[in-house]
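Starting from the known structure of chain R, fit chain L onto it as the hints suggest.
2 protein chains.
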Amino acid sequence: MSEESRAALLPEPTLRRLPWYLAYVNMLRVQNIEYVSSTQISKKINVDASQIAKDLYFLNIKGKTRIGYQVEQLATELSNFLGFHEDHSAFMIGVGSLGAALIQDSGLIQYGLHIVAGFDVNPDIIGTNICGVPIYDISELEARQKQYKAEIGVLAVPVEHAQSSAHLLEECGVKAIWNFTPFRIKVSEDVVIQNTSIYAHLAVMYNRINAKK
Amino acid sequence: MSEESRAALLPEPTLRRLPWYLAYVNMLRVQNIEYVSSTQISKKINVDASQIAKDLYFLNIKGKTRIGYQVEQLATELSNFLGFHEDHSAFMIGVGSLGAALIQDSGLIQYGLHIVAGFDVNPDIIGTNICGVPIYDISELEARQKQYKAEIGVLAVPVEHAQSSAHLLEECGVKAIWNFTPFRIKVSEDVVIQNTSIYAHLAVMYNRINAKK
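Chains as they are written, first to last, in our numbering: chain R, 91 to 303; chain L, 91 to 303.
If we strip away everything but chain R, and leave its shape as in the complex, we get (with noise of 0.2 Å):
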């Protein structure tokens, strides 16, 4: 099986799980642990040994009996296969508060995600940069993306403007459009949404706190 058919069959919730083990693998490489079964990583995370196991089988990451997986290797192939070790570019569509927060977001590059210019409608900040990416006037965005050919729109803007923003990166033609808004925009099926409401999990929480009391 191929790395990318594997890779199109992979169910959202082991997707999930896996930057999960990543991280706590990352951990252990850093105490210089060698090797790492199934089982500790289970009592460490709170996920079913079997289900850790079965995941990685499904990456074709195999453990030894009685010894199990070598950290190192573990650590290299999630990170691979999570896509961390590539560079994607991406355009931040809207610098106010938050999208200008997730510039400055060092984790992000760790992680693969290259912003490589931001856009927006402010005369104030357009034409400056922040931590060295520069920020565009919003009607630059079709040049640019001739320029910088990026791969994904991150979407940070006031929310009456999500969804004429995400045709505008359909338009130039992005790859997916990672959502900030709690905004649910529509595109063409071609494009990859990926909805990440920050404040949409504060609800969430508000909400178990008040069950509690």
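Honestly, the hints are just simulated from the structure, not real lab data. Heads up, none of these hints are tricks.
When chains are identical, the list treats them as one kind, so a pair holds in a single copy or across two.
When the alpha-carbon atoms are kept at most 16 Å apart in a straight line, the in silico EDC-like pairs for lysine to aspartate or glutamate are as follows:
1. K302 x E279
2. K152 x E162
3. K265 x D177
4. K302 x D280
5. K265 x D280
6. K276 x D138
7. K303 x D280
8. K265 x E241
9. K276 x E250
10. K276 x E261
11. K276 x E260
12. K134 x E250
13. K302 x E241
14. K236 x E261
15. K303 x E241
16. K303 x E279
Just chain L now, with coordinates in the frame of chain R:
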């Protein structure tokens, strides 16, 4: 049924949809639109109209036949229900790139999250402030909690310190931990955990892009 017991019963999928409704309705409010039907909301945000009506009915919000929901009232009730109008005090644990970015995100305060102090181990930033939010040494956490009585701890530390920081937060009596690390922290059941691993979302997005290639 009291506000609390209704809150306790609300399933997570419903809770996650409510901020989408709110985002759309807030947009209508800005446009001075007075009424909206579940069918109109449905067309815009890609959720079944019957599901929307059911979700809102659960919150005791009823539309008028042939007219729909009163926009202003719907926005207020949704926002109140979601806890966005209340003030939730929070500590930021780990003021690196992501932690500092979140402190600077004025969006959080609009959604009721008020970060009152940050904590770190880096002597270069201890004693400084970010947008008026003081940064303290992590060793001061317990003492500062007596002063601030923070309800929520936001975790943005390196992954190897996630579990120990979660324990510190639990010991000083926070009600919830908003975990931005990819590490699966464990705390007692009294503490609400909300995981928001934006890097895990990146992995899902990369995988979906590859699957379309």
